[in-house]
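> Go ahead and model the full structure; you've got the sequences and the hints to work with.
Number of protein chains: 2
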Amino acid sequence: MSSSTSSSPQESVRRQNLGALLRYIHVRGATSRAELTNRLGLNRSTIGALTADLATAGLIDEGVPHETGRAGRPSIVVRPRSSRVYGYAMSLELDRLRAARVGLGGRILDERTAARPGGTDPAPTLAALAGLVAELQDSVVIDAADAVFVGSGLAVSASVRHHLGWADETIEPALASALAPHLAPAAGPFVGGLADLAALAEHTRGAAAGADNVIYLHGDAGISAGIIAGGRRITGYGGHGGEVGHMVVNPGGRLCGCGSRGCWETEIGERALLHLAGRTVPTAGAAVAATVIAAQDGDEGARAAVAHAADWLGFGVANLVNIFNPTVVVFGGTLRELYLSAADHVRHRLYTMALPACRAHVALHTPQLGADAPLVGAAELAFESLLADPLYAAKL
Amino acid sequence: MSSSTSSSPQESVRRQNLGALLRYIHVRGATSRAELTNRLGLNRSTIGALTADLATAGLIDEGVPHETGRAGRPSIVVRPRSSRVYGYAMSLELDRLRAARVGLGGRILDERTAARPGGTDPAPTLAALAGLVAELQDSVVIDAADAVFVGSGLAVSASVRHHLGWADETIEPALASALAPHLAPAAGPFVGGLADLAALAEHTRGAAAGADNVIYLHGDAGISAGIIAGGRRITGYGGHGGEVGHMVVNPGGRLCGCGSRGCWETEIGERALLHLAGRTVPTAGAAVAATVIAAQDGDEGARAAVAHAADWLGFGVANLVNIFNPTVVVFGGTLRELYLSAADHVRHRLYTMALPACRAHVALHTPQLGADAPLVGAAELAFESLLADPLYAAKL
Numbered sequence: 090m091s092s093s094t095s096s097s098p099q100e101s102v103r104r105q106n107l108g109a110l111l112r113y114i115h116v117r118g119a120t121s122r123a124e125l126t127n128r129l130g131l132n133r134s135t136i137g138a139l140t141a142d143l144a145t146a147g148l149i150d151e152g153v154p155h156e157t158g159r160a161g162r163p164s165i166v167v168r169p170r171s172s173r174v175y176g177y178a179m180s181l182e183l184d185r186l187r188a189a190r191v192g193l194g195g196r197i198l199d200e201r202t203a204a205r206p207g208g209t210d211p212a213p214t215l216a217a218l219a220g221l222v223a224e225l226q227d228s229v230v231i232d233a234a235d236a237v238f239v240g241s242g243l244a245v246s247a248s249v250r251h252h253l254g255w256a257d258e259t260i261e262p263a264l265a266s267a268l269a270p271h272l273a274p275a276a277g278p279f280v281g282g283l284a285d286l287a288a289l290a291e292h293t294r295g296a297a298a299g300a301d302n303v304i305y306l307h308g309d310a311g312i313s314a315g316i317i318a319g320g321r322r323i324t325g326y327g328g329h330g331g332e333v334g335h336m337v338v339n340p341g342g343r344l345c346g347c348g349s350r351g352c353w354e355t356e357i358g359e360r361a362l363l364h365l366a367g368r369t370v371p372t373a374g375a376a377v378a379a380t381v382i383a384a385q386d387g388d389e390g391a392r393a394a395v396a397h398a399a400d401w402l403g404f405g406v407a408n409l410v411n412i413f414n415p416t417v418v419v420f421g422g423t424l425r426e427l428y429l430s431a432a433d434h435v436r437h438r439l440y441t442m443a444l445p446a447c448r449a450h451v452a453l454h455t456p457q458l459g460a461d462a463p464l465v466g467a468a469e470l471a472f473e474s475l476l477a478d479p480l481y482a483a484k485l
Numbered sequence: 090m091s092s093s094t095s096s097s098p099q100e101s102v103r104r105q106n107l108g109a110l111l112r113y114i115h116v117r118g119a120t121s122r123a124e125l126t127n128r129l130g131l132n133r134s135t136i137g138a139l140t141a142d143l144a145t146a147g148l149i150d151e152g153v154p155h156e157t158g159r160a161g162r163p164s165i166v167v168r169p170r171s172s173r174v175y176g177y178a179m180s181l182e183l184d185r186l187r188a189a190r191v192g193l194g195g196r197i198l199d200e201r202t203a204a205r206p207g208g209t210d211p212a213p214t215l216a217a218l219a220g221l222v223a224e225l226q227d228s229v230v231i232d233a234a235d236a237v238f239v240g241s242g243l244a245v246s247a248s249v250r251h252h253l254g255w256a257d258e259t260i261e262p263a264l265a266s267a268l269a270p271h272l273a274p275a276a277g278p279f280v281g282g283l284a285d286l287a288a289l290a291e292h293t294r295g296a297a298a299g300a301d302n303v304i305y306l307h308g309d310a311g312i313s314a315g316i317i318a319g320g321r322r323i324t325g326y327g328g329h330g331g332e333v334g335h336m337v338v339n340p341g342g343r344l345c346g347c348g349s350r351g352c353w354e355t356e357i358g359e360r361a362l363l364h365l366a367g368r369t370v371p372t373a374g375a376a377v378a379a380t381v382i383a384a385q386d387g388d389e390g391a392r393a394a395v396a397h398a399a400d401w402l403g404f405g406v407a408n409l410v411n412i413f414n415p416t417v418v419v420f421g422g423t424l425r426e427l428y429l430s431a432a433d434h435v436r437h438r439l440y441t442m443a444l445p446a447c448r449a450h451v452a453l454h455t456p457q458l459g460a461d462a463p464l465v466g467a468a469e470l471a472f473e474s475l476l477a478d479p480l481y482a483a484k485l
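Listed in order, the protein sequences are those of chains A and B. The first sequence begins at 90 in this note's numbering and counts up by one. The second sequence begins at 90 in this note's numbering and counts up by one.
Each hint should be verified, as a subset may be incorrect.
[To be verified] Facing chain B, a subset of chain A residues (Cβ under 7 Å, in silico):
no., residue
1, V102
2, N302
3, A318
4, I323
5, H329
6, G330
7, E332
8, V333
9, N411
10, I412
11, F413
12, T416
13, L444
14, C447
15, H450
[As the list claims (entries may be wrong)] For each label pair, taking beta carbons as the anchor points, the in silico distance ranges come out as:
no., chain 1, residue 1, chain 2, residue 2, range
16, B, G207, A, R350, 42 to 48 Å
17, A, G348, B, A204, 46 to 52 Å
18, B, G207, A, G341, 36 to 42 Å
19, B, A138, A, P270, 47 to 53 Å
20, A, G341, B, P445, 22 to 28 Å
21, A, S97, B, A378, 56 to 62 Å
22, B, S228, A, A298, 49 to 55 Å
23, B, G147, A, S97, 27 to 33 Å
24, A, A256, B, G390, 44 to 50 Å
25, A, E100, B, N127, 21 to 27 Å
26, B, I165, A, T259, 44 to 50 Å
27, B, R350, A, H364, 21 to 27 Å
28, B, A378, A, G341, 29 to 35 Å
29, B, N127, A, A375, 55 to 61 Å
Derived from the structure by calculation, the hints contain no laboratory data. Idealized CB from N, CA, C, for every residue including glycine.
Laid out in structure tokens, this is it:
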């Protein structure tokens, strides 16, 4: 409603069309004008005018296709200027920090990783993240006049939120201050949950592309979910939805750090697996992989632990499938290894426990974007302002 | 995108504004032009032109307020023509059928109830529903030329879907055929889950008005949920989401009809309550109320059964609060009585089990629209086409 008062109807429709076109090539990559005409339901001259505007703003390139096997004049191809239109994506994980420069089209152009500073004060962590971004920025070699910096986004592991009690509302302004000396003014930094943003990335351009009802499960010390329902991210009132690790599945189970008994993560989390296998592996991230390998090598304790965890993994997935009726479930983080090592177990539980109508169309996948999914998702937050209004955002 | 090709940008903006204005008074009721100007962010002359169009289409009335205590010229009040712009709402419940004529603004103008025909063939049930609608239609006394019939919607209990295996895809065309002889062509019939539509009604104009993250729990023979997340209904890929009754909460519990053990509805459903209380009451709908009254009258068995069910009710709600981070949970159907009889029990479980961040802003409510919530929600489906494009729909 507000746009109709601030600009003419024609201008408002033009902005919508520019956004739709740029979003299309951001998601699908290089696309011919003929396909854009077809997919966006606009005529050729309108598409030509829109791509001219976007090219002038430095957001796309147009040219002949790299190769053409067909006779006749080939349709001009529109490409996102991935190396020149970029955002910064960061992830705050339990044991490490990551930052990446991500180009339009969701391409990771460059990245840095560091250990997460210890302690409960967020300041050193945010300074370290800003330091990684500064390093990335220093190595950008393109001419600033020809570059479009759109903004930044951060994915925060739910385990970090819980263990350290850091709320998004406090992280956002502190991160903005830490980044300010290094970056030109732009959108963000936006902060979201790691599983939420991984879900967004896999939904936009990964294992769940084209699916509107998706559950992305991320395992590290805890278990959390990113939910896409009806094509949109579902995060709840305060952004705290998706805490599936604290869905109680086994009221007679072990005590959880949250105070409840038999939370899902006490049955399938890293610590549960190690405990059951009678193992102690100091490096958190590698513990599940090590247990899974031991199980495959015939270690009976490890094998029993993996079977137990896989069984409860399928159990919890069945509950979520009954609640959400999704078409894709993606297993990320430590759950990727666990799922791959005992997919039959997981499927068996799902198929015997979930209602036929709810599970009828469910596919189980691992992340197509691998461990980069949270970064690519954090970048989507930064690109969102650009896609909503390409010319306005490009002027920032 | 398609609207921009089929009409001019100005026309497309005008339709959007007409829809926004009509939606506002549909949800809020009679509203002064001054408030509309303020809330919709449009100027006075635009509001005047829009209300003139809607009045000409027979959708609203304009006039001076019924009473005014203020000095000066009162702002003209815009009212929905509730008695002349209407849809038909139906509900297919476990033990009864209902149909209502619902006016713009969500007002039930007239209604009929009948017992649900037995058997597994949907035809007699749909014929009976169509019969109720025909009765309602026959008693409409307004001049057809001055009436606007917008369409119809049906709310189906999840228990009926399960027990009889009726899918929405088969109900929709069969209901359309049954209704066709009685009604003018219009939108629908749309079919939705009873809990989903009750959630929509309470979200639009009831206990959850203004809340964007809502869980509506409906109890009859089973338990199902209607979910509003980010302001929208969440129903999953095939409309089968919200099957929270088959979330397993107690793996050591009793066998459920679905084949699993310890489903939520085996702990808090009607049959569980009667079993625990050692009671057998033939009338399904009244069983929970009877048990609750017996408990209040000091019957020890009934008291223990209510305490058990209330405890597990809070348990499941805590799981859902962790998953959805809602601000409102509404207890409908038989869960209304159960919740009211042991609210402290439910709250205690919720507050000890759910994560503080997820439950921080949760309010627990009973339905403001009472047992009418599913009908009012089914009517919302019928009104949706009108609100999306008032002038086009009004011409139907």
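> It remains to establish, for every hint, whether it holds in the given structure.
Going down the list of hints, with the structure as the test:
1. V102: holds (4 Å)
2. N302: N302/A check passes; min Cβ-Cβ to chain B is 5 Å, inside 7 Å.
3. A318: Hint on A318/A: holds, closest Cβ of chain B at ~4 Å, below 7 Å.
4. I323: holds (4 Å)
5. H329: It holds, given that the least Cβ distance between H329/A and chain B is near 4 Å, below 7 Å.
6. G330: holds (4 Å)
7. E332: OK, holds: E332/A within 7 Å of chain B, min 4 Å.
8. V333: Holds. Min distance 6 Å.
9. N411: Since the shortest Cβ distance to chain B is 4 Å, the answer is holds.
10. I412: holds (6 Å)
11. F413: Check passed: Cβ of F413/A comes within 5 Å of chain B, closer than 7 Å.
12. T416: Holds: closest Cβ of chain B sits about 5 Å from T416/A, inside 7 Å.
13. L444: holds (6 Å)
14. C447: holds (5 Å)
15. H450: holds (6 Å)
16. G207/B to R350/A: 42 to 48 Å: holds (44 Å)
17. G348/A to A204/B: 46 to 52 Å: Once the Cβ atoms are compared, 48 Å apart, the range 46 to 52 Å for A204/B and G348/A holds.
18. G207/B to G341/A: 36 to 42 Å: holds (41 Å)
19. A138/B to P270/A: 47 to 53 Å: Distance hint for A138/B, P270/A holds at roughly 52 Å.
20. G341/A to P445/B: 22 to 28 Å: The hint (22 to 28 Å, Cβ to Cβ) holds, given that G341/A and P445/B are roughly 24 Å apart.
21. S97/A to A378/B: 56 to 62 Å: The hint (56 to 62 Å, Cβ to Cβ) holds, given that S97/A and A378/B are roughly 60 Å apart.
22. S228/B to A298/A: 49 to 55 Å: With a Cβ separation near 52 Å, S228/B and A298/A satisfy 49 to 55 Å, so the hint holds.
23. G147/B to S97/A: 27 to 33 Å: holds (31 Å)
24. A256/A to G390/B: 44 to 50 Å: holds (47 Å)
25. E100/A to N127/B: 21 to 27 Å: holds (24 Å)
26. I165/B to T259/A: 44 to 50 Å: holds (48 Å)
27. R350/B to H364/A: 21 to 27 Å: holds (25 Å)
28. A378/B to G341/A: 29 to 35 Å: The hint (29 to 35 Å, Cβ to Cβ) holds, given that A378/B and G341/A are roughly 32 Å apart.
29. N127/B to A375/A: 55 to 61 Å: holds (60 Å)
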